[in-house]
Every structure is written in C-alpha cells, then in structure tokens.
Amino acid sequence: IDDVGHKYHLELVLEDVLDKDSTVNCTAEVLYHLGNKNIAPAVQFTIEGELKNTDEADNIFYSRIKSLEKELVAENIPDSHGSVSPEMEPIRLLAQVASGYVIWQNSTENTKFQLAQIKHVKQVKRSDDCLEFDYMILLHEMVSQEIIPWQMTVLWHPQHGVQVTQDSCQPKHALE
Amino acid sequence: ILISDLQKAIENQTGLRSYRNRRSLSGYNYEVYHSLEEIQGWMHHLNKTHSDLVHMFSVGKSYEGRPLFVLKLGKRSRPYKKAVWIDCGIHAREWIGPAFCQWFVKEALQTYQTDPAMRKMLTQLYFYIMPVFNVDGYHFSWTNDRFWRKTRSKNTRLRCHGVDANRNWKVKWCDEGASFHPCDDTYCGPFPESEPEVKAVAHFLRKHRKQIKAYLSFHAYAQMLLYPYSYKYATIPNFSCVESAAYNAVNALQSAYGIRYRYGPASSTLYVSSGSSMDWAYKNGIPYAFAFELRDTGHFGFLLPETLIKPTCTETMLAVKNITLHLLKKCH
Numbered sequence: 001i002d003d004v005g006h007k008y009h010l011e012l013v014l015e016d017v018l019d020k021d022s023t024v025n026c027t028a029e030v031l032y033h034l035g036n037k038n039i040a041p042a043v044q045f046t047i048e049g050e051l052k053n054t055d056e057a058d059n060i061f062y063s064r065i066k067s068l069e070k071e072l073v074a075e076n077i078p079d080s081h082g083s084v085s086p087e088m089e090p091i092r093l094l095a096q097v098a099s100g101y102v103i104w105q106n107s108t109e110n111t112k113f114q115l116a117q118i119k120h121v122k123q124v125k126r127s128d129d130c131l132e133f134d135y136m137i138l139l140h141e142m143v144s145q146e147i148i149p150w151q152m153t154v155l156w157h158p159q160h161g162v163q164v165t166q167d168s169c170q171p172k173h174a175l176e
Numbered sequence: 001i002l003i004s005d006l007q008k009a010i011e012n013q014t015g016l017r018s019y020r021n022r023r024s025l026s027g028y029n030y031e032v033y034h035s036l037e038e039i040q041g042w043m044h045h046l047n048k049t050h051s052d053l054v055h056m057f058s059v060g061k062s063y064e065g066r067p068l069f070v071l072k073l074g075k076r077s078r079p080y081k082k083a084v085w086i087d088c089g090i091h092a093r094e095w096i097g098p099a100f101c102q103w104f105v106k107e108a109l110q111t112y113q114t115d116p117a118m119r120k121m122l123t124q125l126y127f128y129i130m131p132v133f134n135v136d137g138y139h140f141s142w143t144n145d146r147f148w149r150k151t152r153s154k155n156t157r158l159r160c161h162g163v164d165a166n167r168n169w170k171v172k173w174c175d176e177g178a179s180f181h182p183c184d185d186t187y188c189g190p191f192p193e194s195e196p197e198v199k200a201v202a203h204f205l206r207k208h209r210k211q212i213k214a215y216l217s218f219h220a221y222a223q224m225l226l227y228p229y230s231y232k233y234a235t236i237p238n239f240s241c242v243e244s245a246a247y248n249a250v251n252a253l254q255s256a257y258g259i260r261y262r263y264g265p266a267s268s269t270l271y272v273s274s275g276s277s278m279d280w281a282y283k284n285g286i287p288y289a290f291a292f293e294l295r296d297t298g299h300f301g302f303l304l305p306e307t308l309i310k311p312t313c314t315e316t317m318l319a320v321k322n323i324t325l326h327l328l329k330k331c332h
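As given, the protein sequences belong to chains Z and D, one line each in that order. Quick note: the first sequence, position 131, residue 131 per full-length UniProt numbering, numbers continuous. Quick note: the second sequence, position 15, residue 15 per full-length UniProt numbering, numbers continuous.
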C-alpha cells in the first residue's frame, strides 16, 4: 500500500500445543509499516469458534504458586537436553505467551523469532492477587541466527490473563 | 513350575544379550544426546567390532587440536564404488544432527543382514559419515554455552570467537546472508576455508569428487529439505532430478509420523546465504547436494527433547534411504 506499508492477508490454523488434535481456524491481517521500524506491525484477527476453557488448570497452577512458602526461582527451562519438569511446564507456557507479545512488538518482515529458552525466572512478591514473574529469556532470531537475551516482567491472573509490563533487550554478554 | 524358561527371563531383564553377541550395538543408547568424548569412544568401538563394514579415519585436526573423525561404511565388495558423504553438527547447538548421524550408522549395521534395501546400499556404495563436523563448537556447547553455533577459532583483534562453518566455504564467499563482523553468528571468517575443519573436509571432498555422488548435511531446526542454490535465486541445471528426489524423500519422511517438511532451493525456502557447504559441494561436481533442517519448527527449537530423537531419526532414515536409492537409479 503506497506510502503506508505492506499488508498481508492470512488464513491459518491454530493448533493447541497441549492437544495436537485440537485446532481452530483463523484469519488475520498484518500490516508492516513503511519507514519507522520501531512500530509493531498492526494485527487484526478473527477466530472461528471458541478456544478451549482452561479454568481448571489455571486455578490449580494459581493455587500452587500462591501457596508456595518461598518465591519461585528456576533456570534453564527446558534444560540442555530438552527436558521440562512437570512443575515448570506452566511457567514455560506462560513464558511462551508473554514472549509472543515481545516478539510481536519487535517483528519486521525480515525477522523470525522463537523462544529458545528461559534462562532464569524469579517470582516477585505482590500485595494484590496477581502473580508476577521476572523472566530472562533467550530469543532465537532465524535470519541472523542470533540468540538475544531479553528481560520481561510478566503479570498473570486466571481471570485477567497475561500482561507484559516491562521488557528490554539485553546485551549479549549479559549472560556471562 | 512358575517360570518355564528362567534363563530367558533373566536375560530379558538384564540385557545380557549384549555380551553374547560381540558385535552388538545394544550397549549404546541412541536415544540420548552424547558428549564428544562418548561419540569418539563409540566410533572407536565400532571400528574394532565391525571392521568388515566400518573404517574410521581422520581428515585433519580442529582449531583446538581435536581429530576430525569420519566413518567409512560399506562392504568392500568391489574395487571402485561410488559414495555418499553425510555430515552432522556443522553448527554446534544443533544436537539432533550428530544424534541422527549415530542413528544412521546404527541402522546400517543392525539391518544390513535383514533389510534388502540397506544391504543394496552398503554393497553398491560407500558412506562417509562425519558425526560431528564442528568438534570444538560441539564440545563448547556441552561445557559453556548450549546455544553456541560457530567454530572456536580466536579472532586476532576482538574478544569474539568463532566462524560460521557454513559461511566459510569458497562459493560466493561472504556475499549476501553472511556477516563480516567477527561477533556475529553468521561470520564468514577472514577468508574462505580459514577454518581448519572446513579446509580439511573441503580437501577430502575435492580429492574424492569423482567418487562422491551425494552430499548430505544435517542441521536443525525448521523441518526442511533444501538443495542449491543458497546464494542466489536460480534453478540448478539438474533441477528435475534433484527436485523429484526431494519430493519423494519428503513423502517418505512424512509416511512415518505425518511430519511435514518443506522442500526446495535454500534461497527461496529458507533464506539467502553464501559460502555454504551445500553450494560448494554442488559447485564441485557433486550432483545431489542436500541440507536437511530437522525437527522441530520452533516449539523446542535447538532443545529438542531426547524423547523425540527416535521419531525424528526414524523418519529421517526413510528420507535418506529414499535419496540413496534414487541416486542408484541414475538420474543425474
């Protein structure tokens, strides 16, 4: 679109990572802005039908974390061999959702980001009902093949959903 | 009598079958990732126990002085046989690559007697298998940085180490899709074949260029089967042969577990890159040059769980056997 950017019309199928047989059709429009690459692409989408209800699993996870005596701390999820302990699985799913937001905010037509690993995660105590996690993640960018450390602060509540309140790209040697 | 064959029951329980058969491979676990030392030990073991089909040799030394081992697989049936070259682990963090190379060798040795296709392959061809190309990088990914990609050569000026071993070959070197900056993960190096690993393998492939009819390089991740060119958008001369080989291979792969691979020229299927081993092999006269990007498509990425080693390797075997048998049917 002259003077505006490139618009893509997509028809895609969403697949539940926890249940490969559960799929839902989706259409979307993505607009990459010309010029200023610091603006996230504009996305509009519609989903055919409904997404699965996850209230039970959400509440189990929420109660478990709320009842921990000490704030949760973990690192290297998955580990070098690809293993994730069952207790850490929801922490990982949360990171995948939150990193989706970070990836969206930083994507251009020449990038392809994936969440490579959670390097470190630390629960932050809160006075309200929300759970807060401070993540240090590694993003893999396919075109440059770089591994980019990224810090993100994630808020979650079963009824209020996921929110990334803060995120920042880290210098490569932040890990050393 | 509660147990009819006690001997059998005990053997089944403790895997005693392994030392009844001196030539057994069953002591080694092919469904876990192995360190460089373990892989080298495994190669030495096979060299000793399967000397009729396996010959281990070195093509040179890595930057840090490690030997670059290759296994030559095949029956010494006739004086001159064509060959297939397979390498894994050009990029250190792509652990499923070396896992597949080991799996391939295991399958070859275990099914040579019972599978007519495998027997045909090993009788009519030699296979040169390099389970770990980038030995220094692979070792580093085990001890220091799981996401290391490049070699471990020291840069004279900057603090950054390593060269992308798949950007260091002498074919349109350091053009698009490679970086001149030593700190980047696609750094092409100070000059082509600057990396001793690349130089050693290039030397071997050049020496055997008349014998080698297929070059297969294993990477991760993306689930793709790629052929030249990577450095430009153009069609190779023997496109119809290569494309049909790729099409059949991808279908064979899918028949195992339904996993879909995309296939096509690397430049349009994945991205443009220059100085790759696949393009170099093709330019050097090897008619079938392929690069596999194995599982998955990003959910686990480089950290593919060990539980997925077996399905990944099983389906990939079908593709490799398919390409090999296609090669024997003469469409070059």
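No lab work stands behind these hints, which were simulated from the structure alone. It is possible that part of the hints are untrue.
[Stated by the list, open to error] Straight-line alpha carbon distances no greater than 20 Å define the calculated SDA-like cross-link-like pairs of lysine to any residue that follow:
| no. | chain 1 | residue 1 | chain 2 | residue 2 |
| --- | --- | --- | --- | --- |
| 1 | Z | Lys172 | D | Lys81 |
| 2 | D | Lys310 | D | Ser255 |
| 3 | Z | Lys52 | Z | Asp167 |
| 4 | Z | Lys172 | D | Gly258 |
| 5 | D | Lys48 | D | Gln113 |
| 6 | D | Lys232 | Z | Met142 |
| 7 | Z | Lys119 | Z | Lys172 |
| 8 | Z | Lys112 | Z | His160 |
| 9 | Z | Lys7 | Z | Thr23 |
| 10 | Z | Lys112 | D | His161 |
| 11 | Z | Lys112 | Z | Lys52 |
| 12 | Z | Lys119 | D | Asn144 |
| 13 | Z | Lys20 | D | Thr143 |
| 14 | D | Lys48 | D | Lys75 |
| 15 | D | Lys310 | D | Ser58 |
| 16 | Z | Lys122 | Z | Arg92 |
| 17 | Z | Lys172 | D | Ser179 |
| 18 | D | Lys310 | D | Lys232 |
| 19 | Z | Lys119 | D | Gly258 |
| 20 | Z | Lys172 | D | Asn144 |
| 21 | D | Lys310 | Z | Asp79 |
| 22 | D | Lys81 | D | Lys330 |
| 23 | Z | Lys119 | D | Lys75 |
| 24 | Z | Lys172 | D | His161 |
| 25 | Z | Lys119 | D | Lys310 |
| 26 | D | Lys232 | Z | Ser144 |
[Claimed, not checked] From chain D, some residues computed to sit far from chain Z (all C-beta separations above 10 Å):
| no. | residue |
| --- | --- |
| 27 | Trp42 |
| 28 | Lys48 |
| 29 | Ser179 |
| 30 | Asn238 |
| 31 | Thr307 |
[Claimed, not checked] Over 12 Å on every C-beta distance to chain Z, these chain D residues come out as not near it, computed from the model:
| no. | residue |
| --- | --- |
| 32 | Gln40 |
| 33 | His91 |
| 34 | Ala222 |
Where a beta carbon is used, it is the ideal one built from N, C-alpha and C, also for glycine.
**Asked** Which hints from the list above does the structure break, by number from lowest to highest?
**Response** The structure breaks hints 1, 3, 4, 8, 9, 10, 11, 13, 15, 18, 19, 23, 25, 29, 31, 33 and 34; every other hint is satisfied.
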